[in-house]
Amino acid sequence: MSDLTKLTIAEARDALRKGDTTSVELTEACLTAIEGADALGAFVHKTPEIAMDRAKAADERIKAGDAPAMCGIPVGIKDLFCTEGVDSQAASKILEGFKPKYESTVSGQLKDAGAVMLGKLNMDEFAMGSSNETSVYGNAVNPWRAEGSAEALTPGGSSGGSASAVAADLCLAATGTDTGGSIRQPAAFTGIVGLKPTYGRCSRWGIVAFASSLDQAGPMTKTVRDAAIMGQAMMGHDPKDSTSADRAVPDFEAMLTGDIRGKVIGIPTEYRMDGMPAEIEALWEKGAEMLQDAGAELRQISLPHTKYALPAYYVIAPAEASSNLARYDGVRFGYRAKLDQGDGITEMYEKTRAEGFGAEVKRRVMVGTYVLSAGFYDAYYNRARKVRALIKRDFDMVFAEGVDAILTPATPSAAFELGQSFDDPVQMYLNDVFTVTVNLAGLPGISVPAGLDAKGLPLGLQLIGRPWEEGDLLNTAYALENAAGFVAKPGKWW
Amino acid sequence: MLDLTPDEKPTPKPKIIPGAKQDWELVIGMEVHAQVSTRAKLFSGASTQFGSEPNSNVAFVDAGMPGMLPVINEACVAQAVRTGLGLKAEIHLNSAFDRKNYFYPDLPQGYQISQLYHPIVGEGEVLVEMGDGTARTVRIERIHLEQDAGKSIHDMDPAMSFVDLNRTGVALMEIVSRPDIRGPEEAAAYVSKLRQIMLYLGTCDGNMQNGNLRADVNVSICQPGAYEKYRETGDFGYLGTRCEIKNMNSLRFIQAAIEYEARRQIAIVEGGGKVDQETRLYDADKGETRSMRSKEEAHDYRYFPDPDLLPLEIEQAWVDEIAANLPELPDAKKARFIGDYGLSDYDASVLTADLEAAHYFESVVAEAKDGKSAANWVINELFGRLKKDEKSITDSPITPAQLGQIVKLIKSDAISGKIGKDVFEISYTTGRDPEEIVETEGMKQVTDTGAIETAVDEIIAANPAQVEKAQANPKLAGWFVGQVMKATGGKANPKVVNEIVTAKLGL
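So the protein sequences, as listed, match chains R and Y. Under our numbering, the first sequence has 328 at position 328, and the numbering climbs by one with no breaks. Under our numbering, the second sequence has 308 at position 308, and the numbering climbs by one with no breaks.
What the hints contain is simulated information worked out from the structure, not anything from laboratory work. Glycine included, each C-beta is placed from N, C-alpha and C at the ideal position. Treat the hints loosely; a few may be bogus.
As the list claims (entries may be wrong) - With a cut-off of at most 25 Å between alpha-carbon atoms, the simulated DSS-like pairs for lysine-lysine come out as follows:
1) R:101 <-> Y:151
2) Y:100 <-> R:386
3) Y:408 <-> Y:495
4) Y:504 <-> Y:469
5) R:362 <-> R:99
6) Y:387 <-> R:240
7) Y:100 <-> R:351
8) R:46 <-> R:18
9) R:362 <-> Y:100
10) Y:495 <-> Y:418
11) Y:387 <-> Y:372
12) Y:491 <-> Y:444
13) Y:469 <-> Y:486
14) R:63 <-> R:6
15) R:351 <-> Y:151
16) Y:9 <-> Y:229
17) R:6 <-> R:455
18) Y:151 <-> Y:246
Unchecked claim - One-sided and incomplete, this derived list gives chain R residues near chain Y with beta-carbon spacing under 8 Å:
19) 100
20) 206
21) 372
Said to hold, decoys possible - In silico negatives: residues of chain Y with every beta carbon more than 12 Å from chain R:
22) 66
23) 69
24) 99
25) 106
26) 108
27) 118
28) 244
29) 300
30) 302
31) 309
32) 314
33) 385
34) 395
35) 428
36) 435
Please work from the sequences and hints to get the whole structure.
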């Protein structure tokens with residue numbers, strides 16, 4: 001078969017089962033593609049030997065005839081996931097050389113399902129960023145370029161390496177994590193599908209924590225069907241994560257009928273932001289029409305606390321991060337600064353953390369420390385929690401009134417040039433404006449590629465679903481995907 | 001139903017410490033940290049075994065490894081509930097865990113998981129008896145569950161410090177009292193009482209030497225009468241500025257530290273100065289407290305709800321089940337010993353001081369059917385003998401059934417009390433059964449009046465001069481009794497001998 005790396009999970013699964021190809025062939029094709037794609041900066045720790053071993057084992061299972069859907073599928077794993085014996089450093093210097101003795105539950109479930117890990121993928125340091133520029137490895141690059149331009153674009157962040165690798169067909173799919181939009185925004189920037197499940201669906205055990213109450217793993221795939229297949233393999237109850245939900249995971253793929261007749265799609269007024277590019281607004285309208293044409297009912301809805309979401313998010317996430325990142329102290333693992341004669345434990349902490357963390361991580365640790373400090377706790381953290389509860393209530397009310405899914409733009413713009421917003425954190429934070437509400441409310445959200453902008457860059461639409469109803473959400477996304485017919489691929493320049 | 005609440009006792013007088021200018025009183029509140037008796041840690045499956053190789057009882061989450069998550073150990077929750085019930089406290093069906101953030105090498109996560117905002121146990125109380133007939137009810141403010149820290153070792157290497165994480169994450173109960181304790185002795189008695197209750201409950205092993213039970217003591221001084229005003233109004237303004245003495249694991253040190261700290265504060269105030277609110281450490285070698293950090297240097301712990309843990313919800317039915325299976329607690333046991341066995345307050349206190357002694361005593365009673373005598377034998381003979389051998393009650397060479405036999409033998413006049421002591425000694429040293437000893441060694445008391453009469457007749461016949469003297473002076477009849485006892489090898493029942501001698505001499 002030609003162009004093995006361009007296959008979707010579903011296509012590869014069927015080909016593997018029919019014996020048209022083998023996991024070894026697929027894996028070799030991906031490894032070759034990865035070798036030729038260093039310019040994308042997507043894979044930061046390559047694991048070809050592990051990949052080949054697992055591919056061979058997968059072929060055996062497939063031959064034996066009892067292989068699950070993900071068996072033999074070559075995937076990339078975001079560097080935030082701890083993978084046993086393999087560098088797992090959350091794109092941070094402070095975890096330099098860290099090879100965990102354990103495998104995260106999610107990557108472990110994929111491994112058990114027979115998925116083939118090709119390597120670890122680039123990301124923003126500790127998943128803090130929206131452009132993949134805060135990575136210690138250097139930024140990943142978007143395989144898409146504006147028409148007639150050779151300017152390097154961001155693949156988005158924090159799961160930028162995952163998005164870049166999937167969009168460039170270096171792997172069939174990748175894992176991502178999403179704390180404020182880190183799956184959905186890069187998916188939108190690179191023309192792929194990104195699903196953030198309901199909080200509690202995927203175990204957080206073994207995923208380096210950024211903001212524990214918001215972090216959620218999810219699949220980044222070429223199609224909605226693939227998101228259904230891979231998502232199902234990633235989800236499930238894990239007693240090792242106290243916030244993991246003890247709920248059955250349905251067969252998502254079987255729910256992809258494309259039939260959304262009678263479904264109520266909410267269009268939230270508050271997401272129509274001032275200064276929103278016309279292209280984004282047009283795409284949003286087009287998406288709504290497509291869903292309507294497929295038989296859904298459109299309903300204007302109000303989510304009145306939306307405007308407070310971004311500030312609340314940028315209080316809660318740094319607060320949790322400042323505490324979660326306290327363990328990186330140079331005492332037990334990862335990077336430890338060289339000390340001078342006479343330096344004590346305080347100097348060790350200060351130098352290790354000063355040298356080990358990048359600027360954005362330090363900024364958020366400082367913000368988080370500040371908002372939790374005595375005298376400011378109520379004004380910031382507690383207030384943000386209240387806002388969060390109100391945002392959640394907004395969604396609860398809308399769903400209670402019969403709305404099945406909510407359609408919004410995924411991002412306020414197409415992929416921007418690397419370096420463009422790097423020095424302006426507030427500008428960078430605005431990237432999350434459509435996505436953070438979903439994390440604050442713990443809801444499932446999915447980004448579906450829906451069109452190209454005037455420069456030929458992909459744009460995505462976001463669908464937000466009811467909690468625990470990823471299957472229904474995926475089906476609506478599937479209908480949107482079918483209607484949008486997005487088939488564009490980036491021209492290979494790397 | 002038997003009322004098991006002890007009679008209301010007068011409260012002890014607050015300790016008065018005379019200063020150079022006036023008398024002062026003490027106000028003390030305590031935070032007792034009790035290690036929860038469970039096999040596994042609060043949020044990990046690692047063992048809590050004391051004395052293991054350093055860093056051998058450490059799960060990934062205890063070491064703060066990236067991506068590791070805490071999962072609550074239900075056994076620890078049950079122990080906290082049990083302790084709360086034992087302190088007659090309110091059990092909160094909804095509680096939550098918070099993170100207390102600070103940096104230290106033996107705190108791998110960079111935060112301690114604790115319960116600041118919503119503790120599992122609310123208000124309760126402890127009756128602290130002072131042994132002189134007075135008792136004080138100390139109010140418990142709360143009990144919360146939290147993780148212990150590890151151990152930093154600074155004296156193994158001149159340039160390096162070492163860290164042992166075995167204790168990291170072990171469950172602690174922090175039992176917080178109100179400032180109701182009024183003197184060093186009361187403070188020690190309070191900790192002893194908590195320890196006793198927890199030992200009864202099986203929720204803490206009470207080992208202070210290993211640090212499994214330790215206390216932070218808040219000490220302030222006030223003018224006589226000021227405390228009563230505080231109690232009336234709840235206004236802390238009537239009390240002096242407190243200093244917290246951290247981490248003490250000996251009752252003796254607790255008393256000494258309070259004593260020292262009180263005098264230090266008195267000297268400051270009488271000298272026109274102001275006591276600074278601060279955290280202090282007690283130096284046992286020097287017998288003094290010294291400043292550890294001032295209020296300004298106090299950590300900002302940045303408490304916030306731990307997002308890795310859902311709020312802890314427990315069900316009333318579960319609490320009820322624990323309550324139904326609670327053992328008899330010291331106060332109730334003591335009241336029962338007094339009521340059922342007619343013991344004195346003191347004896348009942350001694351016998352209920354620890355559970356093993358109480359069990360032993362009741363086993364003796366089961367055999368002997370005489371509580372008072374059993375108490376005398378356990379307290380006077382057994383405890384004395386064990387103390388001499390530096391043995392604990394659980395190592396007693398004589399079993400409760402054996403001691404019960406001795407009491408029974410005396411009660412049935414089979415042996416005298418004096419012979420009983422001999423039998424005790426033989427049984428204690430050889431493990432032989434008292435009944436068998438008495439039988440084999442022919443120690444049975446002779447109560448057969450015929451045999452005694454024969455012996456009396458023989459002695460009277462052989463000593464006519466003594467008979468004359470005795471008839472003139474009946475006090476001398478004792479000589480005949482002695483002779484009979486001698487002749488019977490001490491086995492004759494002295495009471496019977498006395499009666500027969502008196503009769504035969506016609507006195």
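To see whether the hints hold, each was checked on the structure:
1. About 24 Å separates the Cα atoms of residue 101 of chain R and residue 151 of chain Y, which keeps this hinted pair within 25 Å; it holds.
2. For a cut-off of 25 Å, the pair hint linking residue 100 of chain Y to residue 386 of chain R stands: about 21 Å separates their Cα positions.
3. Of the pairs offered as hints, the one joining residue 408 of chain Y and residue 495 of chain Y holds, with about 18 Å between alpha carbons and a cut-off of 25 Å not exceeded.
4. Proximity of residue 504 of chain Y to residue 469 of chain Y is assessed by CA-CA distance (about 14 Å); at most 25 Å being required, the pair is judged to hold.
5. Only pairs whose Cα atoms come within 25 Å are accepted, and residue 362 of chain R paired with residue 99 of chain R is accepted, the gap being roughly 23 Å.
6. For the proposed pair residue 387 of chain Y and residue 240 of chain R, the alpha carbon gap of about 50 Å is over 25 Å, so the pair is violated.
7. Distance restraint check for residue 100 of chain Y and residue 351 of chain R: the Cα-Cα separation of roughly 23 Å lies within the 25 Å cut-off, and the hinted pair is therefore satisfied.
8. Only pairs whose Cα atoms come within 25 Å are accepted, and residue 46 of chain R paired with residue 18 of chain R is rejected, the gap being roughly 29 Å.
9. The suggested pairing of residue 362 of chain R with residue 100 of chain Y holds, with an alpha-carbon distance near 20 Å, which does not exceed 25 Å.
10. At roughly 13 Å between alpha-carbon atoms, residue 495 of chain Y and residue 418 of chain Y fall within 25 Å of each other, so this suggested pair holds.
11. Distance check on the hinted pair: residue 387 of chain Y and residue 372 of chain Y sit about 21 Å apart at the alpha-carbon level, within 25 Å; holds.
12. This hinted pair checks out: residue 491 of chain Y and residue 444 of chain Y have alpha carbons roughly 6 Å apart, not beyond 25 Å.
13. With a C-alpha separation of about 20 Å, the suggested pair residue 469 of chain Y and residue 486 of chain Y falls inside the 25 Å cut-off, and the hint holds.
14. Note on residue 63 of chain R and residue 6 of chain R: the hinted pairing holds, with a Cα-Cα distance of about 23 Å set against a maximum of 25 Å.
15. Straight-line distance between C-alpha atoms of residue 351 of chain R and residue 151 of chain Y comes to about 23 Å, which keeps the hinted pair within the 25 Å bound.
16. Under the criterion of a C-alpha separation no larger than 25 Å, the hint pairing residue 9 of chain Y with residue 229 of chain Y is consistent with the structure, at around 22 Å.
17. Restraint check for residue 6 of chain R and residue 455 of chain R: the C-alpha separation of about 24 Å stays at or below 25 Å, so the hint holds.
18. With a C-alpha separation of about 16 Å, the suggested pair residue 151 of chain Y and residue 246 of chain Y falls inside the 25 Å cut-off, and the hint holds.
19. With its C-beta approaching chain Y no nearer than about 7 Å, residue 100 of chain R sits inside the 8 Å limit, and its interface hint holds.
20. At its closest, the beta carbon of residue 206 of chain R sits 4 Å from a beta carbon of chain Y; the interface hint therefore holds under the 8 Å criterion.
21. Checking residue 372 of chain R against chain Y: minimum C-beta separation of about 4 Å stays under 8 Å; hint holds.
22. Not every Cβ of chain R is farther than 12 Å from the Cβ of residue 66 of chain Y; the closest lies at roughly 5 Å, contradicting the non-interface assignment.
23. In this structure residue 69 of chain Y is not separated from chain R by more than 12 Å, as the shortest Cβ-Cβ distance comes to only about 5 Å.
24. For residue 99 of chain Y, the condition that its CB be more than 12 Å from all CB atoms of chain R is violated, with the nearest at approximately 5 Å.
25. A cut-off of 12 Å between C-beta atoms contradicts the statement that residue 106 of chain Y is not in contact with chain R; the least separation is 9 Å.
26. A Cβ of chain R approaches the Cβ of residue 108 of chain Y within 12 Å, the least distance being about 6 Å, so the stated non-interface status is violated.
27. Every C-beta of chain R lies more than 12 Å from that of residue 118 of chain Y, the closest at about 14 Å, which supports listing it as non-interface.
28. Here residue 244 of chain Y stays apart from chain R, with its beta-carbon at least about 17 Å from theirs, past the 12 Å limit.
29. The Cβ of residue 300 of chain Y does not lie farther than 12 Å from every Cβ of chain R; its closest approach is about 5 Å, which violates its non-interface assignment.
30. Against chain R, the non-interface label of residue 302 of chain Y is violated: not every CB pair exceeds 12 Å, the least being about 4 Å.
31. The claim that residue 309 of chain Y lies off the interface is violated: its Cβ sits roughly 5 Å from the closest Cβ of chain R, which falls inside the 12 Å cut-off.
32. Listed as outside the interface, residue 314 of chain Y is consistent with that label: its C-beta sits roughly 15 Å from the nearest C-beta of chain R, beyond the 12 Å cut-off.
33. Once the 12 Å rule is applied to beta carbons, residue 385 of chain Y is consistent with being away from chain R; the minimum gap is 53 Å.
34. For residue 395 of chain Y, the shortest C-beta to C-beta distance to chain R comes to about 43 Å, beyond the 12 Å cut-off, and the non-interface label holds.
35. With 12 Å as the threshold on Cβ separation, the claim that residue 428 of chain Y sits away from chain R holds: the shortest Cβ distance comes to roughly 54 Å.
36. Every C-beta of chain R lies more than 12 Å from that of residue 435 of chain Y, the closest at about 58 Å, which supports listing it as non-interface.
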